[in-house]
Amino acid sequence: MNPLKSDEFPAEWTKYIDTVTSDCLESLRGQLETFPAFLRSIPAGKSEYAYAEDKWNIKEVVGHVLDTERIMAYRVLCFARNDTKELPGFDQDVYVENGYFSSFSLEHYAEEFIQMRTANLMFFESLRDNALLRSGLAGGRLMSVRALLFMIAGHLNHHRTIIQERYL
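Taking UniProt numbering, the leading residue of the sequence shown gets 1, the next gets one more, and so forth.
No lab work stands behind these hints: they were computed from the structure.
For clarity, every value in this text was computed on a predicted model and none was experimentally measured.
Errors might be hidden in some of the hints.
Unchecked claim - Here are the simulated distance ranges between beta carbons:
no.	residue 1	residue 2	range
1	Lys15	Ser41	32 to 38 Å
2	Ser102	Ile162	14 to 20 Å
3	Leu142	Tyr100	32 to 38 Å
4	Tyr49	Asn130	26 to 32 Å
5	Asn82	Ile114	43 to 49 Å
6	Arg166	Glu86	43 to 49 Å
7	Thr161	Gln115	39 to 45 Å
By construction, the Cβ of each residue, glycine as well, lies at the ideal position given by its N, Cα and C atoms.
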């Protein structure tokens with residue numbers, strides 16, 4: 001997949017997209033193995049740790065990563081299929097507040113990620129070049145299908161780094 005152009009995504013996504021340093025689909029495939037292994041390496045006693053009172057705990061961060069992938073994958077579907085309706089944005093804090101992520105183990109989330117990412121990859125890999133170049137509006141911002149794929153990979157990279165640096 002060719003490098004993205006800056007007009008394919010909102011500027012605030014740069015910090016995520018810049019973490020994807022190899023082929024985007026290759027990065028997404030690699031995360032299928034490395035992210036569950038990373039989650040399984042976190043001691044159970046740390047899973048509900050938050051590094052500050054107003055921050056999410058590790059399970060909530062992971063739940064946020066999963067929710068964001070679901071939302072971005074839906075946007076990929078809509079835009080790739082040339083659906084021209086604007087999609088809504090989402091409030092990540094409301095999603096986490098209502099996700100009850102502390103109810104399950106990190107092992108549960110590792111398995112959930114594997115199943116979700118496997119299905120998403122089957123879909124992403126089926127997209128043709130013309131579909132990858134399509135764009136749409138979500139939350140009032142223009143984004144291409146390609147940029148959404150980079151966002152999915154980069155968003156996970158970003159939050160994994162935060163967990164490593166601030167939580168562990």
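Quick rundown of the hints versus the structure:
no. : hint                        : verdict
1   : Lys15 - Ser41: 32 to 38 Å   : violated (25 Å)
2   : Ser102 - Ile162: 14 to 20 Å : holds (18 Å)
3   : Leu142 - Tyr100: 32 to 38 Å : holds (33 Å)
4   : Tyr49 - Asn130: 26 to 32 Å  : violated (46 Å)
5   : Asn82 - Ile114: 43 to 49 Å  : violated (30 Å)
6   : Arg166 - Glu86: 43 to 49 Å  : violated (35 Å)
7   : Thr161 - Gln115: 39 to 45 Å : violated (24 Å)
Going down the numbered hints, you'll see the structure goes against 1, 4, 5, 6 and 7, while the others check out.
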